[in-house]
Amino acid sequence: MIKLGILNVIWNYRGFILSSVKREFQTMYSNSLLGAAWTVLNPLAMIFIYTVIFSQLMRAKVEGIDSAFAYSIYLCAGILTWGFFSEIITRAQNVFLQHANLIKKISFPRICLPIVVVLNAGVNFTIIFSLFTVFLILSGNFPGWVFLAIFPLLLVQIIFSIALGIIIGILNVFFRDVGQFFNIFLQFWFWLTPIVYSGTVLPENIRSLLVFNPMAALIVAYQGILLRREWPQWETLLPLVLISVVLCAVGIRLFLKRAGEMVDEL
Amino acid sequence: MGTIRVTNLGKAYKQYPNRWSRLSEWLLPFRGSSHSLNWVLQDINFRVDPGEAVGIIGINGAGKSTLLKLITGTAQPTTGEAHIAGRVAAMLELGMGFHPDFTGRQNVFMAGQLLGLSVEEIAGLMLEIEAFAQIGEYIDQPVRVYSSGMQVRLAFSVATAVRPDILIVDEALAVGDAAFQRKCFRRIENFREKGTTLLFVTHDVETVKKLCAKALFLHRGRVEAFGPAKIVCDAYEKSLFGGNNVSQKLTEHKTEPAVDPSLMNSCELTYGDGRAVIETIWLESSEDRAANVFGSSDSIILKYRVRFIESVTGIAFAFMIKTKDGVALFGMDTAHVPEVQKRTFEAGSTVMARFELRNAFAPGTYYLNCGVRDDYGDPPVFLHRRVDAVLFRVRADEKTSVKSGLINTPANFVVEDV
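Read top to bottom, the protein sequences are chains E and G.
If you're matching positions, the first sequence starts at 1 in my numbering and goes up one per residue.
If you're matching positions, the second sequence starts at 267 in my numbering and goes up one per residue.
Quick caveat, the hints were computed from the structure, so don't treat them as lab data.
Every residue, glycine too, gets a C-beta built ideally from N, C-alpha and C.
Some clues are possibly wrong.
[Said to hold, decoys possible] Simulated restraints on C-beta separations:
| hint | chain 1 | residue 1 | chain 2 | residue 2 | range |
| --- | --- | --- | --- | --- | --- |
| 1 | E | Leu-131 | G | Phe-296 | 28 to 36 Å |
| 2 | G | Asp-309 | E | Ala-249 | 33 to 41 Å |
| 3 | E | Thr-27 | G | Thr-345 | 35 to 43 Å |
| 4 | E | Asn-94 | G | Gly-493 | 23 to 31 Å |
| 5 | E | Val-246 | G | Asp-309 | 40 to 48 Å |
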């Protein structure tokens, strides 16, 4: 009932949500000469750095695959999707603080704000991931039908990240330490996930700990699809799905309970 | 449509003794609450019927803006509820949450959508909004380069682009210039005629009396008075100017209805180079009869006693009567009087200046400045000047012919068949 109400509200404010997304995208680049190219240049620079350092200098190899682009594809599979995840989280954790001006002066469903965050991050991700897909096709590395498995994975990932993002965002209004802490936490989380390195290089006892990192299974699944052309092992994603459901429930409860108090705190 | 019903409304902000106590309250709910409540509004009950206009008055911090926020739903009440029926257009504070990096036009679309309009509707209204706001080419510049006046212009234009069932206006309008304010009030009046309910927050009781049939006087978060605008406004003014230091001189001569003790001033400004001191200033309606309330065409006698600290020559006594907006209505001095100009006032001597004039002011409250000026100086300097030292009121009576404006002059009217 409550969830239906939220969906209804979102639908009624779809005009506001869509134009906010559009405007935010425009203003992000409105004062820059290269415009939306920066959306692409940023991750491209990162991919370049990691490729040079890990694949050329440190001679990191992806086991079993001997393609020229193997490491780059491996890296992109993890880093682009992780980038999508961390963009949603970092923006969601500040979204209420950032829009304090709006929240304090106009009465509108606050839930629209995180939706805008997801859509905005989604636009950026779509741009960069489409380019990556074009690269895969041109370089003859397109995985084929297996590619479709990415979409359900993305869906789970979005639900997970926004649920977590809303919780962090609300807590951050009351305890500003949460945002600071989470930025550090996210750094550790990144390096504790097999994105730039392969999980197989880890010692056995540490590798078994990866099951406690819900993002690890997801990233591994992306890498499997894009590099080895394997369908994901769906059962490894079960923990992530369960955690997402729980986080959603917690997030909605927290939101309903604290949304009113939040206005007083901003 | 257009009803506002407020029952037992109260708002309290949580105050925590320190930063950790909120955390412990969240994490350990069984330990009970550690916060204290700071009540900014309590036991608010009132009802506004469709088409009514209600002015909300009260000093800064009385809870006016909080009340509006609760009514519009921007903030959540702690107790009770505010129920509104109909489409609401609210202008709380400056700029209705405009985003500084977006252009005026983009903000219009965003604000319009938040008010429940569709993109097509806003596009259709855009020309009219631009015309009303009159900010010219700034409409396509980011809002961060706007002056506060421009923001208000644009905000008001958007908020009122479509006639709402309920219009809620905070003090924001005060930022606009006089011409724009006039335009806004014309639009508000127009809406009122078509049945819009109006809730209006201001410090200006004259506007409330003019625009609203009813008024709500908030004092320290409670309703002090709610009812006909005139009565409530008087109660507010009384509490505003009601100092305890009612002058001895006035109370001694207290005679109905010439002296109103509520007309005491707490905002006097004095300065001067110290060569003379204006000791007391008072008004009389006839000789030796202190007064501060005058009827139309009464005499107003202004007297003030000046003690000279140093000997001075070539001075002038002066006074000025102003409205509370600071509009100068009448001033005069003794620069043209030779016996004052040529006379030397000895150190230690005390004189009394007396001016008499016939009251020609419209009913209202007025402020009086008095000064002693040295005209040989260039520019002239004040030995002592007391600004807004005395307030007086002109009441309406049978000789009041003025309907609008600041002066009252005897007037007749006949209609003749030709």
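Inset, instruction - Compare the structure with the hints numbered earlier in the document and write down the numbers of the violated ones, lowest to highest. - result: Failing hints, ascending: 1, 4.
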